[in-house]
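Asker: Use the sequences and the hints to build the structure in full.
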Amino acid sequence: MVELDRKNFDAEVLEAEGLVLVDFWGQSCEPCKALMPHIHALEEKYGDKIKFASLDISKGRRVAMAQGVAGLPAIYIYKDGVMIDDLRGDDATAAAIEEMIKKHV
Amino acid sequence: MSKIYDVIIVGGGPAGLSAGLYAGRAKLDTLILEKAKVGGQIVTTDEIENYPGSISDETGPKLIERMVDQINNFGVELRHEEVTGFDFSDKIKVVTTPQENYQAKSVILATGAVPRKLDCPGEKKFTGRGVSYCATCDAAFYEDLEIYVIGGGDTAVEEACYLTKFARKVYVVHRRDELRAAKSIQDKAFANDKIEFIWDSVVKEISGEEGVVDRMVLHNRKTGEDTEILADEDDGIFGVFVLVGYIPETKTFENLITLDEGGYIDAKEDLLTNQEGVFAAGDIRGKVLRQVVTATSDGAIAAIQAEKYIEENF
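Chains as they are written, first to last, in the working numbering: chain A, 1 to 105; chain B, 1001 to 1314.
These aren't lab readings, by the way, just hints derived from the structure by calculation. Where a beta carbon is used, it is the ideal one built from N, C-alpha and C, also for glycine. Hints should not be assumed to be uniformly reliable.
[Stated by the list, open to error] The calculated lysine-lysine pairs, modelled on PhoX-like cross-linking and capped at a C-alpha distance of 20 Å, are:
1. B:K1169 to B:K1188
2. A:K7 to A:K51
3. A:K33 to B:K1062
4. A:K45 to A:K103
5. A:K45 to A:K7
6. A:K59 to B:K1183
7. A:K103 to A:K79
8. B:K1188 to A:K33
9. B:K1204 to B:K1188
[What the hints assert, rightly or not] To spell it out: a stretch of chain B is covered by chain A in this simulated footprint if at least three of its residues, at any positions, have a beta carbon under 8 Å from a beta carbon of chain A; those stretches are:
10. 1121-1133
11. 1281-1292
Answerer: Structure below.
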């Protein structure tokens, strides 16, 4: 899992080739923390086909907001630097995220 | 399908965890199924002042962590699976998840409630893009920005106070001309000079040009007037925190269990439902006060009722 911040976000996500999943989360977001082990499990399963990354919004609030993220949890999938799919809030369940990944890998 | 549990508890909030504690201590073979975060609604609460015996600076997550530690000591199994259906037609009941069909002698329904939505145009589209249902999750995005809290109950007014730690201004939009929140919470809010109230108003529409919320239309129910609210140009966004109460999470069993007219499980103090061996605990049942303290109380009673039922019937 690549840990993102305001400095490496562009290079790791927006300028990256192929598929990147970004898990936007925060220390005080309990639903995000509950989701985290599931994201790690999905990385085990699909990590060879899609790069997994996470952004703690305290390390890049403006970066997140520039991506249209103003609420957590938010899971985005980028392809060649362009966001192609997302899940937010209650919709971001482990099962729904796996379905979203399967659509694109 | 193989093992038969004594009791399966559906929902891992305070009611479910308390039921787990009592069932575990009673040496019942117990499984708790929780679809998302253990602790339910209370883990998004930053401050708990009214749970008897809470330590100072008690937060929802810390309280739940101790509850989970406690049940772990009694061998209760906790799995993160979403229950999709039930079969209560036989003496051995079946609880279905995408992973498994679980069997149990008794079932405790502690599924709780989820935040109510506004059901106005733009709400769904802008969820996570300015529309939020969780103050602790999303407050940090609104550092020095403006926030509109929709609602007038305990949660809405309490969270409005919390959000003033981040936002430069918090407006509380309430459909009536007085708050429903407890007097002590109201006093705190009225004394906070970052909070302003917009009375008799409901949200008619939420929209945004740049993919985030920058416009909202409020409708005044008394004057019939509509007011357009636009984001400050430098801000480009404002937050809309929807805290307008809860709706019971009954969709997986609404055809099997008798509900009251409010949509909650019709169970009295004995927590019996219309199905033998199936009990209700916590926010999911019709009651006058929905708090952690009443949820944990229900959990204890439900577990003891399940134990009694198993003794008498198996």
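Asker: Can you give the numbers of the hints that this structure goes against, from lowest to highest?
Answerer: As far as the earlier hints go, 5, 6, 8, 9 and 11 are violated by this structure, in ascending order.
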